[in-house]
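Chemist: Sequence:
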Amino acid sequence: MATKTDKKNMIRQGIIDSAEIYSQNLAGKVFLYVYGEEYFEVSFPVDHFLHLTGVETRLSARDFYKNTKKTILTNNQFYFDARHPYANAKKKLPCLNNCASHFRYFSDELDAQIFYSKKERMFTFGTICAKI
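Here the sequence shown stands for residues 0 to 131, where the numbers follow numbering that gives the first Met the number 0.
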């Protein structure tokens, strides 16, 4: 059976692995989904990475992301509590990697076109033709 330290090390490594994927595929990007007449944006600011990990820290969200990206995050820099239990972090981290894969698919596999909105925000818009 894994000790508390082993479990925390596992979560720490999962956070570091997720930060690399987040950095390469999601950080700073905005995806615009258009469905008929409706649309919505999904954005991935660097200071929202912490929330996606399911842990708590005394660091700012930006510093947490920087430390994680540089792989210098220590076990003492994050913790679990009633609002951020270990079980949630254990569930969230694989989902974060799956989410990155989902959005990477839209960026890499689809016929993507880049355009700018009035607010000068860059969007990736993909189209796909499928035979039914």
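Warning: the hint list may mix true and false statements.
For lysine to aspartate or glutamate, the following DMTMM-like pairs were computed, each having C-alpha atoms within a straight-line distance of at most 25 angstroms [unchecked claim]: (1) Lys28 with Asp16; (2) Lys65 with Asp16; (3) Lys68 with Asp5; (4) Lys7 with Glu19; (5) Lys65 with Glu19; (6) Lys89 with Glu19; (7) Lys65 with Glu55; (8) Lys90 with Asp5; (9) Lys3 with Glu37; (10) Lys90 with Glu55; (11) Lys6 with Asp16; (12) Lys6 with Glu19; (13) Lys3 with Glu55; (14) Lys28 with Asp80; (15) Lys3 with Asp16; (16) Lys65 with Asp5; (17) Lys68 with Asp16; (18) Lys68 with Glu55; (19) Lys90 with Glu36; (20) Lys89 with Glu37.
If you anchor each label on the Cβ, the simulated ranges turn out as follows [unchecked claim]: (21) Met0 with Pro44: 35 to 43 angstroms; (22) Thr2 with Lys28: 33 to 41 angstroms; (23) Tyr78 with Tyr38: 32 to 40 angstroms; (24) Pro84 with Glu36: 22 to 30 angstroms; (25) Glu40 with Thr2: 19 to 27 angstroms; (26) Val29 with Arg57: 14 to 22 angstroms.
These are computed hints drawn from the structure, not numbers from a lab.
As the structure is a computational prediction, the values presented were derived from the model and not from experiment.
We put the CB at the ideal spot given by N, CA and C, even for glycine.
Chemist: Next, verify each hint and record whether it holds.
Modeler: Results of checking the hints against the structure:
no.: 1; hint: Lys28 with Asp16; result: holds (19 angstroms)
no.: 2; hint: Lys65 with Asp16; result: holds (13 angstroms)
no.: 3; hint: Lys68 with Asp5; result: holds (21 angstroms)
no.: 4; hint: Lys7 with Glu19; result: holds (19 angstroms)
no.: 5; hint: Lys65 with Glu19; result: holds (11 angstroms)
no.: 6; hint: Lys89 with Glu19; result: holds (17 angstroms)
no.: 7; hint: Lys65 with Glu55; result: holds (15 angstroms)
no.: 8; hint: Lys90 with Asp5; result: holds (16 angstroms)
no.: 9; hint: Lys3 with Glu37; result: violated (47 angstroms)
no.: 10; hint: Lys90 with Glu55; result: holds (15 angstroms)
no.: 11; hint: Lys6 with Asp16; result: holds (15 angstroms)
no.: 12; hint: Lys6 with Glu19; result: holds (20 angstroms)
no.: 13; hint: Lys3 with Glu55; result: holds (16 angstroms)
no.: 14; hint: Lys28 with Asp80; result: violated (30 angstroms)
no.: 15; hint: Lys3 with Asp16; result: holds (20 angstroms)
no.: 16; hint: Lys65 with Asp5; result: holds (23 angstroms)
no.: 17; hint: Lys68 with Asp16; result: holds (9 angstroms)
no.: 18; hint: Lys68 with Glu55; result: holds (17 angstroms)
no.: 19; hint: Lys90 with Glu36; result: violated (34 angstroms)
no.: 20; hint: Lys89 with Glu37; result: violated (34 angstroms)
no.: 21; hint: Met0 with Pro44: 35 to 43 angstroms; result: holds (38 angstroms)
no.: 22; hint: Thr2 with Lys28: 33 to 41 angstroms; result: holds (38 angstroms)
no.: 23; hint: Tyr78 with Tyr38: 32 to 40 angstroms; result: holds (39 angstroms)
no.: 24; hint: Pro84 with Glu36: 22 to 30 angstroms; result: violated (41 angstroms)
no.: 25; hint: Glu40 with Thr2: 19 to 27 angstroms; result: violated (43 angstroms)
no.: 26; hint: Val29 with Arg57: 14 to 22 angstroms; result: violated (29 angstroms)
Hint violations for this structure: numbers 9, 14, 19, 20, 24, 25 and 26, all remaining hints satisfied.
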